[in-house]
Structures are given as C-alpha cells and as structure tokens.
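Asker: Spelled out, the chains give:
Number of protein chains: 2
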Amino acid sequence: MILKDIGEFGFIRKITRGCLIRPRNILKAIGDDAAAFTTPPDEITLVTTDLLVEQVHFLRSATSGFNLGYKSLAVNLSDIAAMGGTAKEAFVSIGIPADCPLDYLEDLYNGMKTLAAEFDVNILGGDTTGSKTDLIINVTVTGSAPEKEILYRDGARPGDVIFSTGFLGDSRAGLHLILNGIEADSEALKALLSAHILPKPYLREGRFLARQNGIHSAIDVSDGLSSDLGHILRENKVGACLYSEEIPLSENLREFCVRLNFDPVKYALSGGEDYTLLCTVSRDNADRIAADYLKTFHRQLYLIGEITDSGKMEMVWPNGEIRDIIPSGWNHFGTEKVRDRI
Amino acid sequence: MILKDIGEFGFIRKITRGCLIRPRNILKAIGDDAAAFTTPPDEITLVTTDLLVEQVHFLRSATSGFNLGYKSLAVNLSDIAAMGGTAKEAFVSIGIPADCPLDYLEDLYNGMKTLAAEFDVNILGGDTTGSKTDLIINVTVTGSAPEKEILYRDGARPGDVIFSTGFLGDSRAGLHLILNGIEADSEALKALLSAHILPKPYLREGRFLARQNGIHSAIDVSDGLSSDLGHILRENKVGACLYSEEIPLSENLREFCVRLNFDPVKYALSGGEDYTLLCTVSRDNADRIAADYLKTFHRQLYLIGEITDSGKMEMVWPNGEIRDIIPSGWNHFGTEKVRDRI
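Going down the list, the protein sequences come from chains A and B. All residue numbers for the first sequence refer to the working numbering, where the first residue is 723 and numbers rise by one. All residue numbers for the second sequence refer to the working numbering, where the first residue is 723 and numbers rise by one.
Hints may contain errors.
The list treats identical chains as interchangeable, and a pair is accepted whether it falls inside one copy or across any two copies.
Pairs of lysine-lysine residues, derived as BS3-like cross-links and limited to a Cα-Cα distance of at most 30 Å, are as follows [stated by the list, open to error]:
1. 726 / 1034
2. 726 / 854
3. 912 / 750
4. 736 / 959
5. 959 / 1034
6. 912 / 959
7. 854 / 870
8. 736 / 1034
9. 1017 / 1034
10. 959 / 1017
11. 726 / 912
12. 870 / 1017
13. 1034 / 854
14. 959 / 750
For the record, the hints were derived by calculation from the structure and aren't laboratory data.
All chains should be modelled from the sequences, with the hints used to inform the complete structure.
Answerer: Quick look at the structure:
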C-alpha cells in the first residue's frame, strides 16, 4: 500500500496509535493546532531538535525504517541526557517522497515508538508532508530538569577529571562496515554495526550525573571525542590531557582494528555518533561519583583524562610522550569529513 | 561566498546574532546540547512544528530568502495563535544544499528574525546540516497560555456563530499569480501576492479571543476555509451553515476574480494559507466580542456563519438556496490538490 491510497489524514490516523503513552499532564496530543501540556512548575524546560536527511545522514536502501526511526529519536534523547534532563515530549516532522512505501513509514514510527516507550516519552505532534526526492525527518524533543541540576558545556575547570559513560569509536567502526560493504560476519562486527544503528541514549546516566556534587560540565559525543571535547575546551578557555591507555575501547573495536589495521585510539578520538556522555568533575568528587555510578548502573564510568590550563588538547601516550591532538570530526559544510589527525 | 568557506560552526556563529531578543527567563540559548528556559509556572506549554521542503512548499527561484524565512516562522506562529497562546521560543532546523548561496541563507534568517522581533520570539536553537538536493526548513515554536484560556478545535456547539479574523482567499489568489506567471501589475494583485508570501500571524487577536467568555473553539486557516472548518465539524460531530454574502472578500480578491473570471466565494472556500483564525462563539456573546475586537484592533471580526446540528457543511446563497459544501483544500498525499467543488 502506498501513501496516496490513504491520504495525509489517513496516514496521521494510522501512526497516532501508541504515540501517547504518558497521558498524565497532557492536555492535547496529536490533532490540534499545537500540543498542550504542563511542565513541572519547579523545573526548567529543555528543547533540542535534529534534522536527518536522506543521502546525507542515511541511505534508505541501507537502513530499515525501524532503525531509522529509532535513531532519529535517539540522537535527540542524547541531547536531553547531556543536559541532565528527563526527556518528555517528542514532535516528529516527516517529508515523504512519493515512492516511499507505507510499510517503511510504519516501521519507522515503530522504531521511534519502541525507544519512546523505553524512556516514557510521548510523541505529541509533528508535521507530515510530501518531499520531491529525499525522505526527511526532523525530531524535536522537550525535557526538563531542576535548575540547579542542569548540565551545561561551560563550567569545566583545570583540575577536573574527564569521564565518559561508555565506549568510544564503536559507532564509527559500524559506519565503516556499512560504507565499505564489509559483511558483519562475527559477533564483534555485529555489535559495532548495532552501536552505529541503534545508539543508546544515556538518559538515566545523565540524570544521575546531574544530581552529583562536583559535576561541572557535560556534552554528548555526537561529532567525535576530540571534536566534542573541543567544544568544552573552547567554551571554557581551558585545555585537556587525555590518557591514551584509559580511552574506553571495546573488545569489538579492538578486533575490528586488528583486522583492518587501524589504530583504535585514533579511531575513538575522531569517531562520531557514539552518543556517550562526556563530563568533567572536580577531582575530589571523582572517586565517589565513579563508585556510585558503578553501584547504580553496574557499568564503569571511564576516567579518560583531565582538564588543564594548557589551552590545547593533548594526549599522554604509553611511552610517556605527550602529543597535541587536533580536534577532528564531522563538519557538515567543510571540505573534509571524518578525519584521522593526531 | 558559499557555505563551505566558513564551515558549519562559522555559519552558526554568523546567524546567531539577533536570535536572542528576550533574554529574560532564558538560561541557555544557542550553543549547548539543548536550550534551557523557564515557563510561566501557572501556564500550559504549547508546541507546534512545521516542515517546508523545496519543490513542495516553495521554489527557491521564485522566493527570496527573506520571504521564505518569514513564512516558515509565520505558519508556526499562526498555530500558536490558533491555540490562544503567546509565542515564546523558536527552533530552526535547516538542511542546506551545496549550491545554496550564503547570502540567501542570511536573508532567510533575516526574514525569520524580523518576524520573531515583531512578536518578541527568541530563536533559541536548531540544527544546521547539509542536504543533497532540496533546501529544507523545519521550525518548531513553543508558546504558553493560562489553562482556562487555551482554544482547542473541540468545543463548538450548534448555535455558535463562526467568526473569521480576516479576509479569505487572498493567499490562494497570490499563489495563482505565481504559479501561472501572471505579473502583479496593479496594487490589488501586489497585495494578493503579499498575502501569500508574507502572511500575518494573528497572535494578538488569538490571545484576545482566548480571554473572552463564550468562545468555544478555534483553528487557523492553513488548508482553506472549508477544509479547516471541516476539522472543527468532524471533531465536534456538528454541521455548519455559512452565509455566502458574509464571507470576507477583499476588494483585491474581487478585482482578481473579475479579471480571471473566478467566483470569489468559491475561491475563499477552497483557498489555503490564509492564516486567519476561525473561531466559534456562543451567540449571546458574539455581539460583545465583535464590538470589543473592533475597538481593540480597529478591524472587523467577520461573522461568516453558524454551527448547526445538520452534520454537514452548507452555504446559504443570496437567492436563499442552501447547498452542501464538500470540504476541499490541501491533502499532501492525495491525488487531487486544491479543488473547486461546491
């Protein structure tokens, strides 16, 4: 069945099922000129938005509808996580080319709804329209957090330690497999693909970190470790020194790098779309936070370096040598794309 | 200069100027993972979003950047107006093809900023990315209103009168000029073009109406009078009778229709993108509201018909004949586009 058969309003009726999963505090969901909902009176509203365009962010032929829907919401939830917030309402704009099958679109909404349900997020509205050539998805997510617990990029100070909530580089390795048509013929490669396709938003972890004493700044790794840490350094006019041996590398990434003869640390540095959280924490709170984090999530909080007053990004290598890192990663309009420079 | 020369972050720096015009209550504007702001504790949050895609909603060759930016915000402000809200924060996602000149984009943001300034709206964030072929703009706007004053589509009752805040059909006439390459060689035709290109969001009027006793429902006319009134009828399982002689037709539209041999009432019925507000009001409050509206805005509130229990949409013609109206207007995925059926 194609979209033309059921029309715009038929399509909206079809996808509306399962969008409102937390009706408390919602005065109006899909079906009016705007959604209407209450926000906790003692909390700050957070809003983020991300646009995904076919041929730029994804290839329809290489991505299932489910995975595309899941990821288009995940990247927004990750932004709310990086602010220390609770994600609340999602708004989905979709531009649909005439040749896009209805099944693909239903699958796309199922991917979104699956992730939304996991984090108690309503899909509360959006816009559906045609598109001449490319499938287009824009997702906006609102969230909230108590004012004193919001995590900003600014606030990092020399002496802070830098934590990552998860492995770095896996997602880029997964993308490498897709772009180069390499079959994921082992559990390790399958896990890398999955890290790229179905990234995990660290919402509960962000909320946990936001409540800790001594946390100074946070960002999610969307463009790559060196690029996103670079934002924190510029914002705070500080430097950083990363410990090469402490960069969290999965066994999967190591296997991938051995096979393809890549340096896994460089891969982790200039990757992208990891959607882990980076945060900086005063050193005297670091051990306590890491221990509580482990107790709460049964996963490690990785201490990967420290904030310095050097004004530049550096890395200590196993031989004790310290070398500058030139931040690299994704720049949508630059001549270079993902780069390996160190 | 093209975008590649200044890169994504250079572009963001360039457009950020003039985005934050109401810093009170804003904790974080552009430049973090999400925007953070307070909402009035006794008000309800409203959110709407609209996606505009090149070749579907506009032709870059036929639209200046300024007008495109202005309109992409205006359509969202109109949705907040239709809820009776005050517009607050805007979030702009833009997908930019490589051949799009920087001047065009700056002009586009100037159009948005000009309208945003008129209504005290901040541009508080967004997403900038590439696009393979088409220019893509998605705008999300938040607003707020006291709970008891929000205007929904549901609430219309038989006996209500139907008001329009402005002329109907002008925008469609302007579109007709563009699509048929007809030169706007008179003041009348220029005004029709302008109604299409720079639609006025009725935000102050929506707020005024929202505060009135006896107002039952509202919607903005984006798809056309008969189509949007149709939403209200379906939502409330009621009918409506429109008075053909009371449909507000501008002198400009009348001149256009004489020249092109169109029926202006049919034009107004099946038009689109008027962005006037339609509302239904209990009859005993109608005179007072219309008088106060005139006093406040020095413009008329047009009483165009009444809600009935007939379950269908009808129109009384000058000869007293009553004929059914089949709602028509824009359906993005239908086989028919704007239609003239009565």
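Asker: Now look at each hint and say whether the structure bears it out.
Answerer: Results for each hint:
no. : hint        : result
1   : 726 / 1034  : between (55 Å within a copy, 25 Å between copies)
2   : 726 / 854   : both (14 Å within a copy, 25 Å between copies)
3   : 912 / 750   : neither (41 Å within a copy, 39 Å between copies)
4   : 736 / 959   : between (50 Å within a copy, 21 Å between copies)
5   : 959 / 1034  : within (9 Å within a copy, 66 Å between copies)
6   : 912 / 959   : neither (40 Å within a copy, 53 Å between copies)
7   : 854 / 870   : neither (46 Å within a copy, 42 Å between copies)
8   : 736 / 1034  : between (52 Å within a copy, 25 Å between copies)
9   : 1017 / 1034 : neither (34 Å within a copy, 63 Å between copies)
10  : 959 / 1017  : neither (34 Å within a copy, 56 Å between copies)
11  : 726 / 912   : neither (37 Å within a copy, 35 Å between copies)
12  : 870 / 1017  : within (24 Å within a copy, 46 Å between copies)
13  : 1034 / 854  : neither (45 Å within a copy, 35 Å between copies)
14  : 959 / 750   : between (44 Å within a copy, 18 Å between copies)
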